[in-house]
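As you go down the protein sequences, you meet chains X and P in turn.
Per this note's numbering, the very first residue in the first sequence carries number 105; after that it's consecutive.
Per this note's numbering, the very first residue in the second sequence carries number 105; after that it's consecutive.
A few of these clues could be false.
One copy or two, it doesn't matter: identical chains are merged, so the pair holds either way.
Heads up, simulated SDA-like pairs for lysine to any residue below, C-alpha to C-alpha not over 20 Å straight-line [unchecked claim]: (1) Lys349 - Ile168; (2) Lys362 - Tyr165; (3) Lys568 - Trp588; (4) Lys349 - Tyr165; (5) Lys500 - Pro264.
Since the hints were derived computationally from the structure, they do not count as laboratory data.
Model, not experiment: these values are computed from the prediction.
2 protein chains.
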Amino acid sequence: MTKTRKAQYGVGAATAPAKTSKSTRNRRPAEEKLAELKRRLHEIDDLTAAGAALGWDQATYMPIGGAGARGRQRAALSRLTHEKSADSTLGKLIDELEPYAATLPYDSNEASLIRIARRDFERAIKVPSDHVARASAFGAESYEVWKRARPANDFATMLPFLQRGIDLGREYADFFAPYHHVADPLIDDADEGMTAASVRRLFAALRADLVPMVDSITEQSEEDHRRLGYFGESAQLAFCLSVIKRIGYDFQRGRLDKTVHPFCTRLSAGDVRITTRVFENDLTQALFSSLHEAGHALYEQSVDPVLEGTPLGRGASVGVHESQSRLWENVVGRSRGFWEYFYPLLQRTFPGQFDRVRLDTFYRAINKVERSLIRTEADEVTYNLHILLRFELELKMLEGTLRAKDLPEAWRAGMDSYVGVVPPDDRDGCLQDVHWFSGIMGGGFQSYTIGNILSAQFYAAAMKAHPNIPKEIAAGEFEPLHSWLRENLYRHGRKFKPSELVRRVTGEQMNTGPYLSYLRAKYAGRIRA
Amino acid sequence: MTKTRKAQYGVGAATAPAKTSKSTRNRRPAEEKLAELKRRLHEIDDLTAAGAALGWDQATYMPIGGAGARGRQRAALSRLTHEKSADSTLGKLIDELEPYAATLPYDSNEASLIRIARRDFERAIKVPSDHVARASAFGAESYEVWKRARPANDFATMLPFLQRGIDLGREYADFFAPYHHVADPLIDDADEGMTAASVRRLFAALRADLVPMVDSITEQSEEDHRRLGYFGESAQLAFCLSVIKRIGYDFQRGRLDKTVHPFCTRLSAGDVRITTRVFENDLTQALFSSLHEAGHALYEQSVDPVLEGTPLGRGASVGVHESQSRLWENVVGRSRGFWEYFYPLLQRTFPGQFDRVRLDTFYRAINKVERSLIRTEADEVTYNLHILLRFELELKMLEGTLRAKDLPEAWRAGMDSYVGVVPPDDRDGCLQDVHWFSGIMGGGFQSYTIGNILSAQFYAAAMKAHPNIPKEIAAGEFEPLHSWLRENLYRHGRKFKPSELVRRVTGEQMNTGPYLSYLRAKYAGRIRA
Numbered sequence: 105m106t107k108t109r110k111a112q113y114g115v116g117a118a119t120a121p122a123k124t125s126k127s128t129r130n131r132r133p134a135e136e137k138l139a140e141l142k143r144r145l146h147e148i149d150d151l152t153a154a155g156a157a158l159g160w161d162q163a164t165y166m167p168i169g170g171a172g173a174r175g176r177q178r179a180a181l182s183r184l185t186h187e188k189s190a191d192s193t194l195g196k197l198i199d200e201l202e203p204y205a206a207t208l209p210y211d212s213n214e215a216s217l218i219r220i221a222r223r224d225f226e227r228a229i230k231v232p233s234d235h236v237a238r239a240s241a242f243g244a245e246s247y248e249v250w251k252r253a254r255p256a257n258d259f260a261t262m263l264p265f266l267q268r269g270i271d272l273g274r275e276y277a278d279f280f281a282p283y284h285h286v287a288d289p290l291i292d293d294a295d296e297g298m299t300a301a302s303v304r305r306l307f308a309a310l311r312a313d314l315v316p317m318v319d320s321i322t323e324q325s326e327e328d329h330r331r332l333g334y335f336g337e338s339a340q341l342a343f344c345l346s347v348i349k350r351i352g353y354d355f356q357r358g359r360l361d362k363t364v365h366p367f368c369t370r371l372s373a374g375d376v377r378i379t380t381r382v383f384e385n386d387l388t389q390a391l392f393s394s395l396h397e398a399g400h401a402l403y404e405q406s407v408d409p410v411l412e413g414t415p416l417g418r419g420a421s422v423g424v425h426e427s428q429s430r431l432w433e434n435v436v437g438r439s440r441g442f443w444e445y446f447y448p449l450l451q452r453t454f455p456g457q458f459d460r461v462r463l464d465t466f467y468r469a470i471n472k473v474e475r476s477l478i479r480t481e482a483d484e485v486t487y488n489l490h491i492l493l494r495f496e497l498e499l500k501m502l503e504g505t506l507r508a509k510d511l512p513e514a515w516r517a518g519m520d521s522y523v524g525v526v527p528p529d530d531r532d533g534c535l536q537d538v539h540w541f542s543g544i545m546g547g548g549f550q551s552y553t554i555g556n557i558l559s560a561q562f563y564a565a566a567m568k569a570h571p572n573i574p575k576e577i578a579a580g581e582f583e584p585l586h587s588w589l590r591e592n593l594y595r596h597g598r599k600f601k602p603s604e605l606v607r608r609v610t611g612e613q614m615n616t617g618p619y620l621s622y623l624r625a626k627y628a629g630r631i632r633a
Numbered sequence: 105m106t107k108t109r110k111a112q113y114g115v116g117a118a119t120a121p122a123k124t125s126k127s128t129r130n131r132r133p134a135e136e137k138l139a140e141l142k143r144r145l146h147e148i149d150d151l152t153a154a155g156a157a158l159g160w161d162q163a164t165y166m167p168i169g170g171a172g173a174r175g176r177q178r179a180a181l182s183r184l185t186h187e188k189s190a191d192s193t194l195g196k197l198i199d200e201l202e203p204y205a206a207t208l209p210y211d212s213n214e215a216s217l218i219r220i221a222r223r224d225f226e227r228a229i230k231v232p233s234d235h236v237a238r239a240s241a242f243g244a245e246s247y248e249v250w251k252r253a254r255p256a257n258d259f260a261t262m263l264p265f266l267q268r269g270i271d272l273g274r275e276y277a278d279f280f281a282p283y284h285h286v287a288d289p290l291i292d293d294a295d296e297g298m299t300a301a302s303v304r305r306l307f308a309a310l311r312a313d314l315v316p317m318v319d320s321i322t323e324q325s326e327e328d329h330r331r332l333g334y335f336g337e338s339a340q341l342a343f344c345l346s347v348i349k350r351i352g353y354d355f356q357r358g359r360l361d362k363t364v365h366p367f368c369t370r371l372s373a374g375d376v377r378i379t380t381r382v383f384e385n386d387l388t389q390a391l392f393s394s395l396h397e398a399g400h401a402l403y404e405q406s407v408d409p410v411l412e413g414t415p416l417g418r419g420a421s422v423g424v425h426e427s428q429s430r431l432w433e434n435v436v437g438r439s440r441g442f443w444e445y446f447y448p449l450l451q452r453t454f455p456g457q458f459d460r461v462r463l464d465t466f467y468r469a470i471n472k473v474e475r476s477l478i479r480t481e482a483d484e485v486t487y488n489l490h491i492l493l494r495f496e497l498e499l500k501m502l503e504g505t506l507r508a509k510d511l512p513e514a515w516r517a518g519m520d521s522y523v524g525v526v527p528p529d530d531r532d533g534c535l536q537d538v539h540w541f542s543g544i545m546g547g548g549f550q551s552y553t554i555g556n557i558l559s560a561q562f563y564a565a566a567m568k569a570h571p572n573i574p575k576e577i578a579a580g581e582f583e584p585l586h587s588w589l590r591e592n593l594y595r596h597g598r599k600f601k602p603s604e605l606v607r608r609v610t611g612e613q614m615n616t617g618p619y620l621s622y623l624r625a626k627y628a629g630r631i632r633a
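Could you put together the complete structure from these sequences and hints?
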């Protein structure tokens, strides 16, 4: 009964993307080539977005039985996306468009598109699709195991995954050999232009100022009003919705869900989703993670719509992105003015629970500086020490100077040295962050502190242009700040390198000055002279 | 500043799926070729699943701003999936595996895989990828417009979409020319082996029996206890969850959400999701749509796991699939025994609301036969008349004997003639079903009635093997029926043609006998002699 009639093999191939001969293509006008470039880049963007949608689904609503196949599906999409990104026809097209790009202004959308397309292509061709697929499948599988192993305090289960993550990180770096440090290609992926050496220098300088600052602040004791009482999940979520809506997050083009680890994901310009997590005994988790992710989302929702569907239609780098989550979470969201506006709403949302808590007390409580175990719950000052430790540990694991099995011990020693507390177990120790256990090894942490540094730098630039911003925030008016950021930073998407962008927006290079000034000013009353 | 260093174009291509030369490939043992076939089919399955996940997301949680890009994303995935499905290398591989397949038993997994792979490939190569992508993008766009146009009773807005749907249906059919009727290729896609002529014959015979049956039943008047009172959404959903869990739906491998139009979608063997809709003034909507979709899901969740990820790892045809949704929704879910078990739980779920409603009264209410406007709310007897009308209208639209703009009038005339009622507007008339307005034109409706016919045929076969099934159902024991269906029907997945499968399971060809007997027995007391 098996059918044996011959298929007409040619038909399918004829319908694949047109393969014009080289001579024909060279005669085509640049506009036509640009249109083909955009078509190809749109397809890559569509596949990337599909992968992001599968990731969002996996973190939010996927039943547990779907995990295995989901890993394979995401891997298949990653591999295909990568194949399209490294297609030699794409490379030739970019080559042919170079003379045209040279006739255009550097900051035009078209020249930028061709420039960034080249950067992405040259990076993509160095990495075999097979690696991309394996790394993707590994990340999904490892994440599923970590979700259960962390609450079980089970480092032994995660050890082989950690080792595999390190191996995959090294394997990836080697595609970009030669390099000075094995983490350089990984760091450059997240924060173009940075290296292990330049981040280490930056972090060493920061640590030199932060450690004495923490020493002097944390000697004071504060009653912690964040954790007083019970804050029901639905009320917390309703409050979060009001807050992030007010600062400008557009729910027509996004949504807020709950996940184990909060994140922001861009499925398209019109669909930028954020997630949070709610602890009913701690008001600050849902609130500040919502603000954090909403900061990422404001950036993505404000990129110039004409860049949609191209590699320019998203944030400039991980560090610049993080500057916006930090700006909205900390610089704005933990400012006194912010709470002058929102505290009455908070009091109404949780009737009776804040009646006897003065605004000043609440403000100090949410800005309490203390040596603590969990990065995502850390205050904005000690937070950086958590990052510095992680960055140093992942460099060592990639170098091979720290073995995976020795991580728990190195973590405890590092926490003692960097933060000044030692975790009682791995759950609140080296297992706490998803990064290393979901395929992000190297280049995953430094961006947070780069983001802190840049958040103050961008905010200082905004204040210089609009000194009234703090007053507007205290009146619940966020549009002036949002507009300034949109106009000067967000709308450019990925057109410029991080260093170019920082210079354009602030007039200077990235530097820790404004961040340290911001911290000193904010905690002035609490720093012993 | 534009980078101009030359890319090494070869690298990306070298990482694409290995292109072995023909001579090398022919020397490979069959097992190796079979492994490559599976790898290719798995990739197609992964991409199909990714598309299904995007579809689920669009129907459930996607913000409205994501609609435009989502259409493009789904189209890109459809095009890529289709390109992979029509890849000439896949065809050659299948050719080379034919001699091997001929040495295997017809019903072995391997021979079946090669056989179905050939069927899918030969179908795929007839359709250009461009058509697939356009049809997918059209479906997504049209669906978004329909979601708003239907409640607004706005046929004018939908008219160009309807016309485009007809055009796309014809365009698709023409890839399979010559055909006897333009709808034949579309019907064959859903219900392999059926044609416009064979369905028309089947439906004419059914109509001849159904019309007098409806005439005699509907003259009796029943008080409708389904709609009495208010049934809160969360209580309804909790009841639905209990019911579908009890019949065997596995929530570790699925979930239930709300959508405008209920559906079941398979993202993998471990992730088969269903949706429902809740009307707080009508208990039956959520309940029976949940049972309906759970019937589809029981089928998908029970396919032999070794078929996972291949084209065999899903239901045999749309009609056979529909037989299982109908079996669980109607034959089981509207049976008296089913409610002997579940009625006490229903009474407890809605305290006070059913205290004075006897089980018999409730049973008759949920089986009330009446001429009504909405297909999805129709009883199981008149339901088929709704289908017969739709089938006839779509054949005429595809033939060109009914113009799109004349559909509302033809609908009203048809409802009068087939069902005996005339809708007051298009919202409850020709706009009511999503099918024609989401890219399914032709081949989308006949499967429902084929499903009704087969549901009774399969159930009769199960009863023959296990006459105790009704008693078990009345005791809340669904596993015996579920097991019999799993063993005899579900586990085979798509290994056999619908006609082969029906013969294997029931020992006879598809025929209306058991279905008409089932209806006559169920409604015996209400049919005037």
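Going down the list of hints, with the structure as the test:
{"no.": "1", "hint": "Lys349 - Ile168", "result": "between (32 Å within a copy, 16 Å between copies)"}
{"no.": "2", "hint": "Lys362 - Tyr165", "result": "both (9 Å within a copy, 13 Å between copies)"}
{"no.": "3", "hint": "Lys568 - Trp588", "result": "within (11 Å within a copy, 75 Å between copies)"}
{"no.": "4", "hint": "Lys349 - Tyr165", "result": "between (23 Å within a copy, 18 Å between copies)"}
{"no.": "5", "hint": "Lys500 - Pro264", "result": "within (17 Å within a copy, 63 Å between copies)"}
Taken one by one, the earlier hints all hold for this structure without exception.
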